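Participant: This is what each chain is made of:
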Amino acid sequence: MRKAMSIAATGFRQMIVDPMYVVFTLAMPIVMTWAMSFLPDVDGVYEMASLGVLVMFVALNLITSASAVIEERRGGTWQRILQSPTPYTTIMVGHFIKLFAVAWLQALLLLASGKFLFGAPWNGGYGAMAAVMTVYIFAMTGLGLFLASVLKTPGQVQAVSTGFVMVGTMLGDIFFPMENPSLAISLISKLSPQSWAAHSLKDILTADAGLASQATPIAIMLSFGLVLFALGAHRISRMEG
Amino acid sequence: MTMLNVAGLSKSFGSRRAVGDVAFSVERSEVFGLLGPNGAGKSTTLSLISGLLKPEPGAVQIEGLDMALQPGKAKGKLGVVPQEPAVYKELTARQNLKFFGELNDLRGENLDRAIASVLEVVGLTDRADEKVGNYSGGMQRRLNIAIGIVHSPALVIMDEPTVGVDPQSRRHILDTVKKLRDRGTSVIYTSHYVEEVEELCDRVAIMDHGRLIALGTIADLLSEAGEYHELLITLGNQSLPEAATLLAIPGVREAFVREGSARVLTSNAEQVLPLVFTALVQSNCPVTEIKIKKPNLETLFLKLTGKALRDN
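Sequence order for the protein chains is Z and E. In my numbering, each residue carries its 1-based index in the first sequence increased by 34. In my numbering, each residue carries its 1-based index in the second sequence increased by 4.
Treat the hints as calculated values from the structure; they're not laboratory data. Just so you know, not all the hints are guaranteed correct.
[As the list claims (entries may be wrong)] Simulated pairs of lysine-lysine, DSBU-like, Cα-Cα distance not exceeding 30 angstroms:
#1 K311(E) to K298(E)
#2 K58(E) to K186(Z)
#3 K135(E) to K186(Z)
#4 K295(E) to K186(Z)
#5 K295(E) to K311(E)
Since the structure is predicted, the reported quantities are computational estimates derived from the model, not experimental observations.
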């Protein structure tokens, strides 16, 4: 576990010393959360848009951060870690802890800034919120690892992840609530983990929905994450052997 | 004491066999040169030894620990210095060393001591708390070595550690290898620089097309390969010796005479030179200049692989 913590701490340190990462991950989504507060004062619009910013940036953060494996492979540090007496599972756990830590830090900052700076009406249900966020973070980490295992360059990951996140968020019934959506839009919102997460968080934070009522979104996001995480971790381990 | 034993090592990628039936051992305190043209299978062999790739089939034992059966323990005995610096440029040298030291089971005061010691060895003590991104290429390579040896491994793999470094850093790296050997560490060293290999390596193995084609001390390999010293003699007047006169001298393998000069091939220049000199004087052929061209690894490599060591 100490080695996993070393891997997590080193990865975390690398991220936060990068000014671009801090701007992209923290400053930009806070500004966008603030910008959303100027939306028309229609019931639920700001809450949904604010949570949309949250799930969108957490997804982008996690997918691009998980693809750090590609950078590490290109730079040789990944091989160096594998050549040390550190089991592969410990390495993956270390990366996972790092990703969870950065995603939670980002999510907490966005939820707090939404509530205390821009007046989002979060009324409790924080335990259920934590459970849904954890599952969502797991799902996006799985996607990031999977993409890192099939794509060759960070640029490719950036392109694919931006497309995935934008389509899943913009057309996922989050920023633009849709009545009578087309079959395609309806399908996208059903397949998009961002859509499931944003709606679930809104129900919990504004309508005090219990965790039991969120079983479907949790199960879908968990399945999504499990499949992609297993595939990604397996493929990355095979790359070396 | 055998530090590394490699037996029947093979690896294929699809239908292409990258390494085939490679076997050798490395003794304690030995610097072992692994040479070969690009694509010869050196990097694959090093990856197999370090556990990054799995042999199919073959076995790697480090201090008797089998890499397939006890990978954790075997890897703990091993340090790897890759060709390109594998370091975190956003972090300081000390943070890099702390991280990789921890992955190699160092903790607390032992880790601090090891970091201080290894920084001293590579001459980076004064810059240890600077971001690695600000280092010169040579300094990054020295840190690259420091990371590979911070846990005092019994065996260190160094893959062309001096490529593209300034002469000062290069000398520092070569001296570091000697220090490692002096304290009992074994080193597998790959390089395209003949002079480095000749200076450092106790034995060398030459690979080509995935196979070992030569293994031994440099002197033994040159001798076995029939590489001769060449005496190039400039004569002072027009009278020429008979080639047969030179060939009759014990130790002379071949002799060529032509206008104003003679060329003698021998396996022992020191022994033959005085005899050749005497024979020429007795034949009334005064010598104005003698050059001795010793065989070296470069010529041997060229002969065995058909490629120049530094060109590939």
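Participant: Each of the hints needs a verdict: does it hold here or not?
Facilitator: To see whether the hints hold, each was checked on the structure:
1. K311(E) to K298(E): The hint holds at about 19 angstroms.
2. K58(E) to K186(Z): 22 angstroms, holds
3. K135(E) to K186(Z): 28 angstroms, holds
4. K295(E) to K186(Z): 55 angstroms, violated
5. K295(E) to K311(E): 26 angstroms, holds
Of the numbered hints stated above, the single one contradicted by the structure is hint 4.
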